[in-house]
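Peer 1: This is what each chain is made of:
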Amino acid sequence: MQPNHDDHPHVPGPSLWPVGFAIGIVVLLVGLVVNPWYVGGLGAIIALVFAFLWIRDLTVGTPLAHAPDVPPESPTGPALPANVGEAAMPPVEPGERFPRSKFLELSTIGLGGVIGGLVSVPPLGFMVLPAFLHQGDKPHDLGPLTNFPLNKYVVATFMLDAQQGEVSRRTAFVRYNGDLNGQPSFTIISNHCAHLGCPVQPNGPLDQAHTKHFSDVTLIPTISIAGFGCPCHGGQYDTEGNRVAGPPVRALDRYSYFIKNGHLMLGKPFSVSSVVNTGAQAIIHKWNFSFPGEHVNGIEGWLYPIQPPH
Amino acid sequence: MATDRLVERRRVFQQYKEDVKERGKPFFPYAMWHDTIMSLVVVVTIIALAIVWKYTTPGNHHTTAPGWLGKLYDAPADPGTINFVPRPDWYFYFLFYLLRIFKWPETVVLGTIGIPTICLVLLLAMPFIDVRAERRLLRRPVALVAAFLVVVSMGVLTYKGATAKEALGSELLAHVPKWAKTEGFANNPKATAGAKLFAVSGCLNCHSYNGDGGHNLGAPDLTGEGSKNRGIQFQIAHLKCPACVHPGSPMPSFAGLGQQRLEELATFLESSKGKKK
Amino acid sequence: MATRTRLTRSQQLQQTILYPLDWLEERSGIVGGVKYFLFRKVPGDINWFQTLGSATLTAFLVQALTGSILAMYYKPDAKDAYSSIQNITNHVFAGWLVRGMHRWGASVFIILMFMHMGRVFLFGAYKYPRELNWIIGVLLLAMGLGEGFTGYLLPWDQTAYWATVVGININGTAPFLGPFIAQFLQGGTYINADTLSRFYAIHMLMIPGAIFALIGLHLYLVVRLGVTSPPWSKEAAGTGPLAGPAQNGRARVGMTRPAPRRTGR
Chain P
816 MQPNHDDHPH
826 VPGPSLWPVG
836 FAIGIVVLLV
846 GLVVNPWYVG
856 GLGAIIALVF
866 AFLWIRDLTV
876 GTPLAHAPDV
886 PPESPTGPAL
896 PANVGEAAMP
906 PVEPGERFPR
916 SKFLELSTIG
926 LGGVIGGLVS
936 VPPLGFMVLP
946 AFLHQGDKPH
956 DLGPLTNFPL
966 NKYVVATFML
976 DAQQGEVSRR
986 TAFVRYNGDL
996 NGQPSFTIIS
1006 NHCAHLGCPV
1016 QPNGPLDQAH
1026 TKHFSDVTLI
1036 PTISIAGFGC
1046 PCHGGQYDTE
1056 GNRVAGPPVR
1066 ALDRYSYFIK
1076 NGHLMLGKPF
1086 SVSSVVNTGA
1096 QAIIHKWNFS
1106 FPGEHVNGIE
1116 GWLYPIQPPH
Chain Z
8 MATDRLVERR
18 RVFQQYKEDV
28 KERGKPFFPY
38 AMWHDTIMSL
48 VVVVTIIALA
58 IVWKYTTPGN
68 HHTTAPGWLG
78 KLYDAPADPG
88 TINFVPRPDW
98 YFYFLFYLLR
108 IFKWPETVVL
118 GTIGIPTICL
128 VLLLAMPFID
138 VRAERRLLRR
148 PVALVAAFLV
158 VVSMGVLTYK
168 GATAKEALGS
178 ELLAHVPKWA
188 KTEGFANNPK
198 ATAGAKLFAV
208 SGCLNCHSYN
218 GDGGHNLGAP
228 DLTGEGSKNR
238 GIQFQIAHLK
248 CPACVHPGSP
258 MPSFAGLGQQ
268 RLEELATFLE
278 SSKGKKK
Chain X
12 MATRTRLTRS
22 QQLQQTILYP
32 LDWLEERSGI
42 VGGVKYFLFR
52 KVPGDINWFQ
62 TLGSATLTAF
72 LVQALTGSIL
82 AMYYKPDAKD
92 AYSSIQNITN
102 HVFAGWLVRG
112 MHRWGASVFI
122 ILMFMHMGRV
132 FLFGAYKYPR
142 ELNWIIGVLL
152 LAMGLGEGFT
162 GYLLPWDQTA
172 YWATVVGINI
182 NGTAPFLGPF
192 IAQFLQGGTY
202 INADTLSRFY
212 AIHMLMIPGA
222 IFALIGLHLY
232 LVVRLGVTSP
242 PWSKEAAGTG
252 PLAGPAQNGR
262 ARVGMTRPAP
272 RRTGR
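Residue numbers (the working numbering), protein chains in the order written: chain P, 816 to 1125; chain Z, 8 to 284; chain X, 12 to 276.
No wet-lab data here; the hints were simulated from the structure.
Mixed in with the good hints there might be a few duds.
Pairwise CB distance ranges (calculated) [what the hints assert, rightly or not]:
1. Z/A250 / P/L995: 22 to 30 Å
2. X/M126 / Z/V149: 17 to 25 Å
3. Z/L156 / P/T1026: 18 to 26 Å
4. X/R38 / Z/L156: 50 to 58 Å
Where is the CB? At the ideal position from N, CA and C, for every residue including glycine.
Let's have the full structure, built from the sequences with the hints guiding it.
Peer 2: If you want it as structure tokens, here you go:
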């Protein structure tokens, strides 16, 4: 049989299987981040099904139609010398679907691909995935409720994760608003500007003389502030964290909280589009925690439809 | 026709190769000599900059005070600070200032991603945008004008990024003695206390005073506020409720500061008669 | 066997030098390659502006060398990075010099890259057949800026930390993928101890690897495609005292003047 050398290379015909395969890969990758078992599994199944269909398509239809030029070998004919090659291979038996060279070509490339995948996919996973898994911090104890005077912001500096040390230090502006339905109400505002993350300053003098400490938390009360300002690009916020002027794309982020044994416990942060009313009566429009600069509502909110696991 | 152009430029390139082979000079030593001189200049410049950086740092050359070329290093990273204004390295100043130009929330993504990405794509696609074979500068007006505009705009943006100032409370506090001297209230302790309050209460985020502070947010300059002689009571009333005195004013209320501090602020404002000639 | 003639001293010296070179050449071909690179012909009228490319390469090599040496004393851990920088700047012998060269070498490298890019643009040296070289050059520019960005975090002082916060958040504002890019760069929801390691790995290994590879390609293309004369050069225009005769009845054209258009098209 003649070796399968055409004048021009064998180009596969148009087919939709590669599209399906690509979609499967995309769903798999998104699933790895969003929901590994269900969405990722679905993506893997789609990818495998379309890959199987695609490979089947490629291997069917290789030109075997013309009869080989070599005179048919008798079953008891002389043994072929080992170095004669494709032209002296025995003719295609009924039931064989493609020549040996084609099989070798495809399997070399295929195995090469498998090796490449084995070597690169787990390390790529190692590089990319840990940033998205096991995120979120444990609640942090900010100290007894008595440390927070009524209706005054306190600049609280603490370490989110004592094991990580200084690198996890954060600052929040904490204000005790009085009681709402018998429970103490707090406003806890993050000091990362909603524009690009610069540290936000309270617009007012600090009462350094009355600084308190509790474990790793430092609490500096303010005398009175008229809002918050960001020095980087001129963003201004009011006392509830709403954007008043400048480039910030939403209000300042807040932290959730709960009271345990008379101590204020800091919970998970979340993003805020705007706040109506003030203090204990505030109505906070909550959104999933987003990085600075990302709109959460409005038309530009559609630019950031999926948030990675935080 | 396209193939004609293709054939022509291949022919020209072939001719170039032959010309160079015939009449060119060997790279070593003729061109490499120039390259070596230039490399020497580069290396000497780098070393000189390193020496100047270290040896103009005051305090025995190893403090965090800036020398002629800036600081050797800043204070250690404090992720919980409320007192710092970040700056990128100088070659990013043009991008930094671009962010200040796009100061409306809806346009933020244009300044952070939109414009830089468009510029990068234009750069990459340059050889496919300009397909003319002409290389003489005077016959490439679009290229010349574009290059000039790019250089000038990047230069201006970098310069404005370098000279951009902010109203950082701690830095402004350090300016109070200078204000006291220029405005002449150094002998007035109430006015000086008011000046310190003015520096840390974020007033200079919107107002300007003596060259510091924000100039483009619509709030009036207060350097000569006292020369208007509006009186301390007016100032206190305004600080307590700006919108009552000037309807529609976006200035927040400072009533929470308490009567004593409001008096100090008012005294400071009334003592600011404008720069002494 | 023929009698050997007595060699003079200088001939003996030559033989001593040539012998190892010939040994190397026969086994690898590298001497021939170096000779080709060194003695290839370039146009006789090239300009001082065309030294900017090799000046950029020199600046990059300074960065590579000083960076590798700094890595011997720098500790890429959030707890130790700042004190290791203080140590390098204040105590280690010539540490201030190596660190200063690396820090200012970065600025010089970027300035030279922009100047080289401007020179190539104004000379029209990105046109056929050098389009691929231009694209590689723009990628090198982007990677050089990336090196500047990732390296800026390494001293772990206030400037480093906060400039990086803003830089990562700028990346985060990209539509759709922005939040993922930002979280990938940070190594988590916030900058944490992993962030410094990531930036260090990117700055020391990933981007320099790519830059070395692309510079190799860039230089290969320069050697293969040749260096152009400046656009005002008479040589390149096909005129001037050394221009040869007209060919095929048509006026000689060079690399600066497009061929005259055919009439009727």
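Peer 1: None of the hints should be skipped; say for each whether it holds.
Peer 2: Going down the list of hints, with the structure as the test:
1. In this structure the hint that Z/A250 and P/L995 lie 22 to 30 Å apart at CB holds, the actual value being about 28 Å.
2. Separated by about 21 Å at the C-beta atoms, X/M126 and Z/V149 satisfy the suggested range of 17 to 25 Å.
3. Restraint check, Z/L156 to P/T1026: a C-beta distance of roughly 54 Å breaks the suggested window 18 to 26 Å.
4. Checked against the hint of 50 to 58 Å, the C-beta distance between X/R38 and Z/L156 comes to roughly 55 Å, which is consistent with it.
In summary, the one numbered hint that this structure violates is 3.
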